[in-house]
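Asks: For chain P, the structure is supplied; the task is to place chain E on it using the hints.
Protein sequences appear in the order of chains P and E. Each residue of the first sequence is one higher than the one before, starting from 1 at the first, in the numbering used here. Each residue of the second sequence is one higher than the one before, starting from 1 at the first, in the numbering used here.
Rather than coming from a laboratory, the hints here were simulated on the basis of the structure. Possibly wrong hints are sitting among the right ones.
Derived PhoX-like pairs: lysine-lysine, alpha-carbon spacing no greater than 25 angstroms straight-line [what the hints assert, rightly or not]:
{"hint": "1", "chain 1": "E", "residue 1": "37", "chain 2": "E", "residue 2": "288"}
{"hint": "2", "chain 1": "E", "residue 1": "12", "chain 2": "P", "residue 2": "330"}
{"hint": "3", "chain 1": "P", "residue 1": "288", "chain 2": "P", "residue 2": "37"}
{"hint": "4", "chain 1": "P", "residue 1": "431", "chain 2": "E", "residue 2": "288"}
{"hint": "5", "chain 1": "E", "residue 1": "330", "chain 2": "E", "residue 2": "12"}
Chain P regions said to be covered by chain E (calculated; three or more residues, Cβ under 8 angstroms) [as the list claims (entries may be wrong)]:
{"hint": "6", "segment": "38-44"}
{"hint": "7", "segment": "307-318"}
{"hint": "8", "segment": "322-333"}
{"hint": "9", "segment": "368-375"}
{"hint": "10", "segment": "395-408"}
{"hint": "11", "segment": "416-422"}
Beta carbons are placed, not taken as given, at the ideal position from N, Cα and C, and that holds for glycine.
Protein chains: 2
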Amino acid sequence: MRITYDFTWLHKDAIGERGVSSQELAALEQAHPHPWKQILQNPYNWPLGWLDLEARTAELSLVRQALARIENRNVLVTIGMGGSTLGTKALAATFVRQTGPSSFSAGERELIVVDNLDEATTAEVIHRAGTQGVVLNPVSKSGNTLETIANFLALSQRPALADSPVVVTTGNRDGALATYARETGAPVLPVPGDVGGRFSALSPVSLFPLGFLGYPIEDLLEGATAARSNLTADDYESNPSLRLAARLHLLATRRNFSELMLWIYCDALREFGRWWEQLFAESLGKQKQVASETVRVGLTPLAVSGPAAQHSLLQLALDGPPNKISGFTKVAQTRAELPALSHPPRGVAEFNYLQGRHLHEIASAELEGTRSSLRHQSLPSYLLILQDLQPEVLGELILFFETAIAVMGVYLSIDPYTQPAVEESKQLARKLLQQSPA
Amino acid sequence: MRITYDFTWLHKDAIGERGVSSQELAALEQAHPHPWKQILQNPYNWPLGWLDLEARTAELSLVRQALARIENRNVLVTIGMGGSTLGTKALAATFVRQTGPSSFSAGERELIVVDNLDEATTAEVIHRAGTQGVVLNPVSKSGNTLETIANFLALSQRPALADSPVVVTTGNRDGALATYARETGAPVLPVPGDVGGRFSALSPVSLFPLGFLGYPIEDLLEGATAARSNLTADDYESNPSLRLAARLHLLATRRNFSELMLWIYCDALREFGRWWEQLFAESLGKQKQVASETVRVGLTPLAVSGPAAQHSLLQLALDGPPNKISGFTKVAQTRAELPALSHPPRGVAEFNYLQGRHLHEIASAELEGTRSSLRHQSLPSYLLILQDLQPEVLGELILFFETAIAVMGVYLSIDPYTQPAVEESKQLARKLLQQSPA
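Bound conformation, chain P alone (with noise of 0.2 angstroms):
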């Protein structure tokens, strides 16, 4: 593995009343020894396409063929929503200069994600991209979007974007975009099936702008690729995504927790917390019927950059309700961005002890810090040292959190790849602009 995972912190032993004990993962473990024997005879016909690495690996050709398309433009435009983008942005920030809150660039051709609807920033990317050699891609699994849809058109009805080329990356060939890419002659890229949007990471929605910056995709899905077999293995001993689950699961149930806190220490990675918090809400929170009765469940994700949220939510999360799961990311650092401080000058003497010091040595003793002051007050948490930030490493951060929250599924009998919920919103927002005169 990539990753270094450590999960010392969540238990009884190390962190005292509030960690799991042996006892409750022994039997967690004895109710479901096999989870996932469970997932992949897959009775409930669930889309687990993002495991099929395999078909993913296939799709890299059709990835290939239209990035070579596109081969002479330098600005593309991809809109989405939610996993439509969520995955691209996190991928986009580890490798190359962000721009502005939704764009990145690389060399001589730049990235903007439409990821939001909001007329100034759409207006904003009008001006910003110009009228030469733009691309738009609108994404969406469904083709039907209101928000996708709204933008795309905001945008292509514009006379400097009017004769663009477009990309349409969709999976249901009966919505709006796949039946405007057949009427128009645009180029389709697939999402496939049986993977969900928030589950696409891996897949041409976020393959295709990321090749278009040069970011290494066939390497991304060789890390995941390599990761599988460990993180889709019955084996509580050293499969850490079954770990890590197995331990949120009875922290959540048998300790009151309900929220897990993600703190990044590394700003490459802030856009992937993003990601980390759609894939973790939409999952989990979820009702289901026990006996006749209404439950609710979920865990309210959250995360936040450090050293920078100890001045934010470090407070809260000591001295307020102790229920907050932490994690901790950060990149194991080889080698320096910047030489060591220097002797201070004189009025900073107290800080002569900086002297030598390496700025990602003075994260690291904050990370450190914050971890034992929060286990100072029995709560819990883990940590994952990433080798660096090369694909093949982030490819398995994506996979380790996807596996996790597919066992989290099984345990609380849930089913972790809809968003039944968000429909009625949808569908009155719609009715609003139907009923009201344009």
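Replies: Structure of chain E alone, referenced to chain P:
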């Protein structure tokens, strides 16, 4: 007031069982008839300088003097953690274009905010800042914030920046930053002693970097000053922050709500969400002693972008545990940034109803749909409509949330102005650095 406040859907008669009742409100009012009288008598000597807007206005001349000294400079690098930079970013993002996750440009001028400790980010700042016309602005009330000092040393020790002028913002004569300024003759801007870090958005902490961008800082203070008498009135009918505080307190203590979402339907207010999160988390996340028992209080704040988060957090909010109170914020759109959508092309025929619509109308319909679907689950929400994003409006918005916090502190019998728990993690980090060899 420049903001329209709508708390209707926090009430039982509008949303059902989970709302607050008139009886509960009446009882709270009876128990706390004069929270503002109590606050302003200030028996605990709380730092209430954030209400002393006359003193803040008087400081404007110091800010203007400091700005005059760097008139010929075009890059300002402001370095600070938590409250030392959150207000700056929140307001800068409403005013000018963001050129990165933490940088802003206005004409020839660029403001780079270093708000985390990440070696790669600081290296990138050095690269971006160039060598000409750079000013360094370390900001720390204590003058001893480890990450701020470390970043400041890393920047000022680079040959390219070694001769850059420095403007220090600090509130502690004995701190490292003040001592450094005395030794080097660098000008110092004050952080008033009676203004805590997270309450310093209307002080030189942010007014200096904002003024550098050309932000009308006088208007910001005027807006807050104009709203102050309303927002500090002991009037449960007409004071909007008192009304919100009362309802949030009842929902938290009588209905077990533990999380506060802020749905921001305006990309330019995204950074405002981070400021708001810190204000709520650090102010209300506290331990207190009740009859020699330790009680932990606090609400977890979660600011999200709408409509985007309808594709991320909404499923959890609707189907997950009913523990979230949702605030919604939008800006009354009086001016279209883009023409209305024209007739959709063939293939997108089912979206014909979008013809003649502006994107901001669609986003507003999404907001309404989302609020209604929460209401149908008996989940409480409130709505703030900002007249526009002018500084006067944002001054009111900042004071609105700050005054709500002050009142909630009274209801909870806690001190909202401290953050006692975070000290330990700082000490542990320092110890680690002092004990291990560099």
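Asks: Each of the hints needs a verdict: does it hold here or not?
Replies: A quick look at each hint next to the structure:
no. : hint            : result
1   : E:37 <-> E:288  : holds (23 angstroms)
2   : E:12 <-> P:330  : violated (45 angstroms)
3   : P:288 <-> P:37  : holds (23 angstroms)
4   : P:431 <-> E:288 : violated (48 angstroms)
5   : E:330 <-> E:12  : holds (24 angstroms)
6   : 38-44           : violated (count 0)
7   : 307-318         : holds (count 11)
8   : 322-333         : holds (count 4)
9   : 368-375         : holds (count 5)
10  : 395-408         : violated (count 0)
11  : 416-422         : holds (count 4)
Hints 2, 4, 6, 10 from the earlier list are contradicted by this structure; the remaining hints agree with it.
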